[in-house]
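Participant: Sequence:
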Amino acid sequence: MPELLPYSGDYYLWNYVPSMAAAVIFIILFIATTGLNSWRMFKTKTWFCVPMALGCIFEVVGYIGRAKAVNSTGTLLPYVFQSSFTLLAPALFSASIYMTLGRIMRYVKGEHHSLIRITWVTKIFVIGDIFSFMVQGGSSSLMFNSSTVKMGEKVVLAGLFIQIISFGFFFVTALIFERRMRKAPTAESFIVKANWIHYLYVLYAMSVLIMVRSIFRVIEYAEGQTGYPLKHEWTLYIFDAVPMFIVTLIFFIYHPYHLQVRTGATTSIGSEEEAHSIQLMNNPEQRQGRKGKPFGAGIATTNASSVTTPDSSTTPPNTQSNSQTPHGFSLHPETSSYVNFTHLELFQHFQDNQGFIWGDNLTTQSSRTNVLKYAFVTPFLMYELLAYSALHISIIRPDQFQFYHDESRMLQQQSLKLFNDSVQEVNDENLIPSFLYSGILGHHTFVDTFSVADSDLNQFIDKLVQAIKLMRGVRVCFTGWWEVLEKSEIRGLMQHGDGHVEHTDEYVKHFLELQAKLPGIPGIDHVELEALQEAVRQLKWVHVSSLFNLGNGNLGPTMVTSWPITLSLEYSELLLKRRPGALVVLAYFSVLLNLSRKHWAVGSAGKFLLDVVGTCLGKDWDTWLEWPRSKVLGDV
1 MPELLPYSGD YYLWNYVPSM AAAVIFIILF IATTGLNSWR MFKTKTWFCV
51 PMALGCIFEV VGYIGRAKAV NSTGTLLPYV FQSSFTLLAP ALFSASIYMT
101 LGRIMRYVKG EHHSLIRITW VTKIFVIGDI FSFMVQGGSS SLMFNSSTVK
151 MGEKVVLAGL FIQIISFGFF FVTALIFERR MRKAPTAESF IVKANWIHYL
201 YVLYAMSVLI MVRSIFRVIE YAEGQTGYPL KHEWTLYIFD AVPMFIVTLI
251 FFIYHPYHLQ VRTGATTSIG SEEEAHSIQL MNNPEQRQGR KGKPFGAGIA
301 TTNASSVTTP DSSTTPPNTQ SNSQTPHGFS LHPETSSYVN FTHLELFQHF
351 QDNQGFIWGD NLTTQSSRTN VLKYAFVTPF LMYELLAYSA LHISIIRPDQ
401 FQFYHDESRM LQQQSLKLFN DSVQEVNDEN LIPSFLYSGI LGHHTFVDTF
451 SVADSDLNQF IDKLVQAIKL MRGVRVCFTG WWEVLEKSEI RGLMQHGDGH
501 VEHTDEYVKH FLELQAKLPG IPGIDHVELE ALQEAVRQLK WVHVSSLFNL
551 GNGNLGPTMV TSWPITLSLE YSELLLKRRP GALVVLAYFS VLLNLSRKHW
601 AVGSAGKFLL DVVGTCLGKD WDTWLEWPRS KVLGDV
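One point on numbering: in the UniProt record's numbering, the residue at position 279 of the sequence shown is 279, and numbering is uninterrupted.
Hints in this document: simulated from the structure, not taken from any laboratory. The C-beta atom is built at its ideal place from N, Cα and C for all residues, glycine as well. Mixed in with the good hints there might be a few duds.
Taking lysine-lysine pairs in the DSSO-like style, the calculated list, with each CA pair at most 27 Å apart, reads [unchecked claim]:
#	residue 1	residue 2
1	K509	K607
2	K598	K540
3	K109	K43
4	K619	K509
5	K577	K540
6	K509	K540
7	K109	K417
8	K45	K109
9	K598	K509
10	K487	K373
11	K123	K43
12	K517	K619
13	K154	K231
14	K417	K183
15	K517	K598
16	K619	K577
17	K109	K517
18	K109	K183
19	K43	K540
20	K607	K517
21	K577	K598
22	K417	K373
23	K607	K540
24	K123	K109
25	K45	K577
26	K231	K68
27	K517	K540
28	K45	K123
Quick list of simulated restraints, FRET-style, between CB atoms [as the list claims (entries may be wrong)]:
#	residue 1	residue 2	range
29	N340	R179	39 to 47 Å
30	V212	R179	51 to 59 Å
31	G520	Y257	28 to 36 Å
Take the sequences, apply the hints, and build the full model.
Facilitator: Here's what the structure looks like:
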């Protein structure tokens, strides 16, 4: 039968005999989370999570010490182990939490929203954490001697207060960052793979748990050996062991491996969370309606490339000229609510040339009137109309490209902010303006991707993939509303077409031939093949559907943009990885783009895209590109 024994003379290390059962339970639990977190860390190469794994090991060692002490309450070593290692483990957990915040900021390109310079965020908090670690660790030798135990308790208290102050500052920094991001979200925050706001909430949850534990420890050491906590073992397990186990479990379940952006790599985008609505920060599930047909939109941005390609002389389809400010127009307003003469010009341009958005063959006068009616009472729609109008002017007036393109981006950012602030879910009241907004934003994305196409081909492909993923992701907002929209007053703006009718021509013939050739790609597996086959089927669908939407003999751009909307997540991932089959399918898409080359929104995008694909694939794939080149280069 275990009994309480003195360490030296009448000095007792313990006020009770520790529970063997409780210690063994938490040894098993922390061994499990040590293994899980270590496995996830090595698998994803997220080395900034090393402190979390080490903290788990510290907890295991600490509770092994408690188990050993059950029959050795008068022995120093088990007490030292259980006291020191369980005291220090949360400091290691905190280090990984601090580093995760820095990665969230970089992940969404939100460094400018940080209260502290991003290069110092991790350093400041981790240095504070290390200082707290050292202070608490340095008190160990004082805690186990009856003559210095009081001093040791004070040193531990100092270390715990440092940890609490550091956490308080961390909370302030994280909350300010979140608030600023909500007010002025970056483009990257809409397209990244991980729902970054959820990761922030995870950090908040873990931080609260560690804060509760730290406050408990402060009370424990402040009251000393005669206090209630050190005389009742249950308090340690309820306010320390359980919260710390939950922290390690949460970190594994919501592991921040999605936030890992390695040097030279593009921001990770797409996959299982890509179907979130345009605003990841406002409960995306609330924006989902009932099941229906797709319609999408988005915004593209440039990220660093993860793959190096040979130098290319390929030039973007729309060359950027020197910035020139139109005479008499003011520069960008200092505040978002300021209206200047440029905005009046943009509105007049839209009023006089609404066909540049939907095409004259789809846009009736009544539909145009309805668009303006909704724009006048829906600020986010009005801002996006002005933004798209500015983009149109930037392309048709190349000598003033930079001015109007900058104006377009500024207005678009303001429209996104207004949309995020006002639309929490799609309902009967906001359905039509939200639908119009997403449609215009989708076209805006597509055009902007090519209008400032990078000479770095990998960056261009990354931008294109981002645009594709967001365009199809936003369609979740309107799931189930399609029949309502088809009966609404804007039905004249809806794109129609039946790609399933029996039709055969040169394009259909080559699409079918491509489908037959795809299984011959070296190393292709079933999943990849199915994704490519489906992408080609959608190309065929778009082409056949477009036959019902011919205006002056050219494929309407609304049908061209319907292909990215229907692409699968698997195909987008293959394109992001530069898989040859996905690039070949993209080359066939350039043929459809080329059919719309006379439209301002497309221009020479088809030729540019085909050149990019050819450069990425190399000479070995020339035979696969013979037909696209004959159609695109032969027509230029």
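Participant: All the hints need checking, so say for each whether the structure fits it.
Facilitator: Hints versus structure:
Distance restraint check for K509 and K607: the Cα-Cα separation of roughly 21 Å lies within the 27 Å cut-off, and the hinted pair is therefore satisfied. Between K598 and K540, the direct Cα distance comes to roughly 21 Å. Compliance with the 27 Å bound is thereby established for this hinted pair. Restraint check for K109 and K43: satisfied, since their Cα atoms lie roughly 25 Å apart, inside the 27 Å limit. Proposed proximity of K619 and K509 is supported: the alpha carbons are some 24 Å apart, at most 27 Å.
A hinted pair counts as satisfied when its Cα atoms are at most 27 Å apart, and K577 with K540 qualifies at roughly 24 Å. Taking the CA atoms of K509 and K540, the gap is about 9 Å. The hint holds against a cut of 27 Å. Distance hint between K109 and K417 is fulfilled; the C-alpha atoms sit about 16 Å from each other, no more than 27 Å. Between K45 and K109 the alpha-carbon distance is near 22 Å, which keeps this suggested pair within the 27 Å criterion.
Straight-line distance between C-alpha atoms of K598 and K509 comes to about 24 Å, which keeps the hinted pair within the 27 Å bound. This hinted pair checks out: K487 and K373 have alpha carbons roughly 18 Å apart, not beyond 27 Å. Between K123 and K43 the CA atoms are separated by roughly 25 Å; this keeps the pair inside 27 Å, and the hint holds. For the proposed pair K517 and K619, the alpha carbon gap of about 18 Å is at most 27 Å, so the pair holds.
For the suggested pair K154 and K231, the alpha carbons sit about 19 Å apart, so the restraint of at most 27 Å is met. Distance restraint check for K417 and K183: the Cα-Cα separation of roughly 6 Å lies within the 27 Å cut-off, and the hinted pair is therefore satisfied. With a CA separation close to 31 Å, the supplied pair K517 and K598 exceeds the 27 Å bound. As the CA atoms of K619 and K577 are separated by approximately 19 Å, the hinted pair is consistent with the 27 Å bound.
A hinted pair counts as satisfied when its Cα atoms are at most 27 Å apart, and K109 with K517 does not qualify at roughly 41 Å. Simply put, K109 and K183 have alpha-carbon atoms about 15 Å apart, close enough for the 27 Å limit, and the pair holds. Proposed proximity of K43 and K540 is contradicted: the alpha carbons are some 40 Å apart, above 27 Å. Annotation: proposed proximity of K607 to K517 holds, straight-line Cα distance about 23 Å (limit 27 Å).
This hinted pair does not check out: K577 and K598 have alpha carbons roughly 32 Å apart, beyond 27 Å. Between K417 and K373, the direct Cα distance comes to roughly 21 Å. Compliance with the 27 Å bound is thereby established for this hinted pair. For the proposed pair K607 and K540, the alpha carbon gap of about 20 Å is at most 27 Å, so the pair holds. Using a Cα cut-off of 27 Å, the hinted pair K123 and K109 holds, with the two alpha carbons roughly 18 Å apart.
For the hint pairing K45 with K577, the CA-to-CA distance comes to about 18 Å; that is within 27 Å, so the pair holds. With a C-alpha separation of about 19 Å, the suggested pair K231 and K68 falls inside the 27 Å cut-off, and the hint holds. About 16 Å separates the Cα atoms of K517 and K540, which keeps this hinted pair within 27 Å; it holds. The straight-line distance between the Cα atoms of K45 and K123 is roughly 21 Å, inside the 27 Å bound, and the hint therefore holds.
Our hint of 39 to 47 Å for N340 and R179 is violated, since their Cβ atoms are close to 28 Å apart. Against the hinted window of 51 to 59 Å, the Cβ-Cβ separation of V212 and R179 comes to about 24 Å, which falls outside the hint. A C-beta distance of roughly 35 Å is found between G520 and Y257, which places it inside the suggested range of 28 to 36 Å.
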